[in-house]
Amino acid sequence: MIAYAIRRILLMIPTLFAIMVVNFVIVQAAPGGPVQQMIAKLKGNDISATERISGTGGELKNAPSSGESQYRGARGLDPAFIRQLEKQYGFDKPPLDRFVMMMKNYLTFDFGNSFFQDRSVVSLIRDKLPVSISIGLWTTLITYLVSIPLGIRKAVRDGSRFDVWSSAVIIVGYAVPSFLFAVLLIVLFAGGSYFSIFPLRGLVSDNWASFDWPHKILDYFWHIALPIIALVIGGFATLTMLTKNCFLDEVNKQYVLTARAKGLRERRVLYGHVFRNAMLLVVAGFPAAFIGILFTGSLLIEVIFSLDGLGLLGFDAAINRDYPIMFATLYVFTLIGLALKLISDLTYMLIDPRIDFERRGA
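Per the numbering used here, the sequence shown starts with residue 335, numbered consecutively.
In short, the hints are calculated from the structure, not lab data.
There may be inaccurate statements among the hints.
Straight-line Cα separation of at most 30 angstroms, DSSO-like style, residue types lysine-lysine; simulated pairs [as the list claims (entries may be wrong)]: (1) Lys596 <-> Lys462; (2) Lys438 <-> Lys427; (3) Lys421 <-> Lys462; (4) Lys675 <-> Lys438; (5) Lys550 <-> Lys462.
So the derived label-pair ranges between C-beta atoms look like this [to be verified]: (6) Arg341 <-> Arg594: 38 to 44 angstroms; (7) Phe545 <-> Trp499: 40 to 46 angstroms; (8) Trp499 <-> Leu684: 35 to 41 angstroms.
Glycine is no exception: its CB is placed at the ideal position from the N, C-alpha and C atoms.
Whole structure, please, built from the sequences with the hints as guidance.
So this is what it looks like as structure tokens:
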């Protein structure tokens, strides 16, 4: 297992490098770079998100005439000032030099400073991380705690009334997006039209630091209750049905019939024999589920509930072409994803000793 883990860690290096190369090339080719953003702000004509996406706010003209700046909207600005902007954002160097320098710094987790927020990227990520971890960790934990027992019960009582009506609820939860559930919860419980039980914004109250520890904990859960409920309702359907189908597949196998024929109790059969084999696919989906909730799935939830997390930070960076934040978050997210995938495979081997990735790789 140790040799396999070492090989996988070594394979992370070219994988991470390839991901960074592809994204660097794509981002460099996208219109509306940071120099163009600053020119637009200085001239009081900031580029909207729609223009950036459609390309009408592109950074370069198709064919700049002699004596004109290559940047759209730069007419009337001193060329020396444009060159100063290029030097400030590192665009006075060729793309290859910029990429090599960036990767050298990233090896030591030196992500530089944000182009437009006048802060280091590390401090920005550190400030936003508690929000995203809170959302991702609690959502994943509650989703698994609800989905696995529910899926097992549905498998045991397959075809019963409980299975039918719970499937109807699951289908509704799967069909309706999380952000619509979030809006509904706000209308019902956050002062929208009916009750004003939960707060509408923030991870904690403004005077949270003045509370004692029991009140701090209660205030924290009071604030994240609605966002977590919205994400759990929209995310537990797939895992529940996966758990049910895995159990149904295992229950019909010969070793289960043999265990029952020996007189073992049904609970012992389910949790002593079936559970470990049925959980392999569920364990395999954990990294993707956690990464999806932690970094992407919670973006709209962060916006709706005014939670300033990594999802919102990355989205704003992409819209504003804040390259240091864009590449730093991509680098960190990729590392975490690769590490969680390795942990998932090692968990495979712990759950089912028959699985031996090391022997297969040899």
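Exercise for review: Take the C-alpha atoms of Lys550 and Lys462, compute the straight-line distance between them, and say whether it is at most 30 angstroms.
Suggested key: Holds, at about 19 angstroms.
Review point. Do the beta carbons of Trp499 and Leu684 sit within 35 to 41 angstroms of each other?
Key: 36 angstroms, holds
Point to revise | Agreement of Lys421 and Lys462 with the hint, judged by alpha carbon distance not exceeding 30 angstroms | key: 29 angstroms, holds
Review point. Is 38 to 44 angstroms a correct range for the gap between the Cβ atoms of Arg341 and Arg594?
Key: Distance hint for Arg341, Arg594 holds at roughly 41 angstroms.
Check your understanding: For the pair Phe545 and Trp499, does the Cβ-Cβ distance stay inside 40 to 46 angstroms?
Key -> Taking Cβ atoms as reference, Phe545 and Trp499 lie about 42 angstroms apart, which means the hint holds.
Check your understanding: Is Lys675 within 30 angstroms of Lys438, Cα to Cα?
Key -> With Cα atoms ~25 angstroms apart, Lys675 and Lys438 stay inside 30 angstroms; holds.
Review point. Are the Cα positions of Lys596 and Lys462 separated by 30 angstroms at most?
Key: 55 angstroms, violated
Check your understanding: Holds or violated: are the alpha carbons of Lys438 and Lys427 at most 30 angstroms from each other?
Key -> With a Cα-Cα distance of about 16 angstroms, the restraint between Lys438 and Lys427 holds, given a limit of 30 angstroms.
Violation of the numbered hints given earlier is confined to hint 1; every other hint is satisfied by the structure.
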